[in-house]
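Student: Given only the sequences and the hints, what does the whole structure look like? Please build it.
Chains as they are written, first to last, in my numbering: chain A, 54 to 141; chain B, 13 to 467.
It cannot be assumed that every hint is accurate.
[As the list claims (entries may be wrong)] Chain A is faced by these chain B residues, among others (derived, beta-carbon under 7 Å): (1) Tyr325; (2) Thr337; (3) Gln359.
[Said to hold, decoys possible] Sample of chain A residues lacking proximity to chain B, with all beta carbon distances greater than 12 Å (derived): (4) Val110; (5) Asn130; (6) Gly131; (7) Phe132.
[To be verified] Pairs of lysine-lysine residues, derived as BS3-like cross-links and limited to a Cα-Cα distance of at most 25 Å, are as follows: (8) Lys452/B to Lys286/B; (9) Lys452/B to Lys67/A; (10) Lys451/B to Lys67/A; (11) Lys335/B to Lys67/A.
Hints listed in this document are in silico derivations from the structure and should not be mistaken for laboratory results. Quick reminder that beta carbons are idealized off the backbone N, C-alpha and C, glycines included.
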Amino acid sequence: MSNIMTVDILSSIKGAKPSQSVNQLFEVIQNANQNSNTANTVNTNVVSLHDLREDVVIESSAIEKQIIKENFPKEKNGFLVVAKVIED
Amino acid sequence: MVSKEISCTALVQEKLDLLKQNKYHTVNSLLEETALELASKVDSKIANGEKIGLLEGIPFGIKDVYMVQGTYTTASSNLLKKYKSPYTATAIQKLVDAGSIPLVKENCDSFGHGSSSENTIFGAVKNAINPALVGGGSSGGSAVNVAKDFTTFSIGGDTGGSIRQPAGYNKVYGFKPTYGRVSRFGLMAYASSTDCVGPIAKSIEDIRIVLNIMSGKDVKDQTSYASEEILEEEISNASAIKTVGYFKNFIESKAISSTIKEDFLATIKKIKAKGIKVKELDFFDADMLVSTYYTLAMAETASNLSRLDGTNYGARIEGENLKDTYSITRSENFSEESKRRIVGGNQVLSQGFSDEIYLKAQNLRDQISARFTEDFHQVDIILSPVTPANPPKIGESLQDPLAMYLSDAYTVGFSLGGLPTLTIPKGTSTGLQITADQKKDAQVLQFANFLNDIL
Chain A
54 MSNIMTVDIL
64 SSIKGAKPSQ
74 SVNQLFEVIQ
84 NANQNSNTAN
94 TVNTNVVSLH
104 DLREDVVIES
114 SAIEKQIIKE
124 NFPKEKNGFL
134 VVAKVIED
Chain B
13 MVSKEISCTA
23 LVQEKLDLLK
33 QNKYHTVNSL
43 LEETALELAS
53 KVDSKIANGE
63 KIGLLEGIPF
73 GIKDVYMVQG
83 TYTTASSNLL
93 KKYKSPYTAT
103 AIQKLVDAGS
113 IPLVKENCDS
123 FGHGSSSENT
133 IFGAVKNAIN
143 PALVGGGSSG
153 GSAVNVAKDF
163 TTFSIGGDTG
173 GSIRQPAGYN
183 KVYGFKPTYG
193 RVSRFGLMAY
203 ASSTDCVGPI
213 AKSIEDIRIV
223 LNIMSGKDVK
233 DQTSYASEEI
243 LEEEISNASA
253 IKTVGYFKNF
263 IESKAISSTI
273 KEDFLATIKK
283 IKAKGIKVKE
293 LDFFDADMLV
303 STYYTLAMAE
313 TASNLSRLDG
323 TNYGARIEGE
333 NLKDTYSITR
343 SENFSEESKR
353 RIVGGNQVLS
363 QGFSDEIYLK
373 AQNLRDQISA
383 RFTEDFHQVD
393 IILSPVTPAN
403 PPKIGESLQD
413 PLAMYLSDAY
423 TVGFSLGGLP
433 TLTIPKGTST
443 GLQITADQKK
453 DAQVLQFANF
463 LNDIL
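Tutor: As structure tokens, then:
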């Protein structure tokens, strides 16, 4: 398989092509000046390691489980059917 | 309700009738049964002489990107047309716990992708003042419902201006709080680093009350933070605000309409006349702000929406194999605008482009944030127009995506800075934006009260 992946493959959208309007936005960024003095101002929203939530499994409620099953796209004879998988 | 002039059931029924009959395309689904059940409970409480809370029995609307258990949550998309929320968003749950009654899931641009609420499977939202014009977006249905009194308040979502711009287009108040003040848990992610939950209402007092209820740290959103309640007395006096700034280049831009410019400068004059110092500030060009925002937002949305492949939920369309199923499901069910943004995001995240575009945009965002920090050493408040021009006619934005992106020029910068910003429906034809430094949401409301008095 080729190492080069086109945007339609990357996006899982058939026939997708880059948009001219969007490319015009990217050109502005390409032509902009970088500033190397901003390193200390970044990521003020990062989460502190001391403030992480507990890593626990929370059981879903019965209604939650029921709706998750209802949302599943395909059901046959009481089984939830996934899309056909072919390895390549 | 307490004085028994109107029952809660009558109030809720009246709003439901208005929503049902409305021709503005603001409704994706009505929550009629549960709304009437909740209203009847409030009436029983009042009849029994029990005390009711400030928001108890107040009907409200919800942009259709919020999870509300058991309701259709479509994001105005074909892909999720029949998707039901298994759980409820934290912000919405807090309002329900306070007794508010959810009435309606509101029309918006699909997944928040748009500035006009035309990118939707439920029909373009019409402007509350002139139905030939767009309702604005992406929280267009929410702003129009509030403007037309179909809901008492609505909860919108703001990633790059999606609460503030439709609020301005429909002449109501719309608040984007400091990033993290309100939990994003249960809000469908568009661009996680700027997504904010916020209220749209007809008064500053309503904004304050609803904001207080929704705010607070939530273990389910690790970027949320604990905040103090904003008191009514605290925002009634703006004497602490000594200096107001505005971005000179926003006002001198060729893109701004002459009326909005004149009206904005007239407002500045009135502020000066009240003894407040006004400072002109230099800021980044509009095209730089828009390009930085869209580069990052597209990268984030490409990542966030990659989960929508029809495997566990959504309108799956079977192909020959798994990959084929993914791509047919996505190409058939995403709108053109959503596809444009997903593809753009994958472009900038791919090898060879990420250094040149994505990382550079991150660097520009840091420069923008640094500039805001400097600015707020000099001024207490930054005032700006909400949009450079009046709302376009329905149909125009879809033909010219670049023009639509550029129309967000005045809102996206504040999103990148994570700053609290309120639209007030005064000062220009599409309102004014009031911005303060991070976590100074109270100061924004303070200055809004001051402006309300002088405009």
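Student: Indicate, hint by hint, whether the structure satisfies it.
Tutor: Quick rundown of the hints versus the structure:
Evaluation of the Tyr325/B hint against chain A yields a held restraint, the C-beta minimum of about 4 Å falling below 7 Å. Look at Thr337/B: its Cβ gets to within about 4 Å of chain A, closer than 7 Å, so that hint holds up. Given hint, Gln359/B at the interface with chain A, holds; its Cβ is 6 Å from that chain's nearest Cβ, closer than 7 Å. No Cβ of chain B approaches the Cβ of Val110/A within 12 Å, the least distance being about 14 Å, so the stated non-interface status holds.
With a closest Cβ-Cβ approach of about 17 Å to chain B, Asn130/A is found to remain outside the 12 Å limit, as its non-interface label requires. For Gly131/A, the condition that its CB be more than 12 Å from all CB atoms of chain B holds, with the nearest at approximately 17 Å. The beta carbon of Phe132/A is kept farther than 12 Å from every beta carbon of chain B, the shortest such distance being approximately 14 Å. At most 25 Å may separate the alpha-carbon atoms for a hinted pair to count; Lys452/B and Lys286/B meet this at roughly 22 Å.
Taking the CA atoms of Lys452/B and Lys67/A, the gap is about 46 Å. The hint is violated against a cut of 25 Å. Distance hint between Lys451/B and Lys67/A is unfulfilled; the C-alpha atoms sit about 44 Å from each other, more than 25 Å. Only pairs whose Cα atoms come within 25 Å are accepted, and Lys335/B paired with Lys67/A is accepted, the gap being roughly 11 Å.
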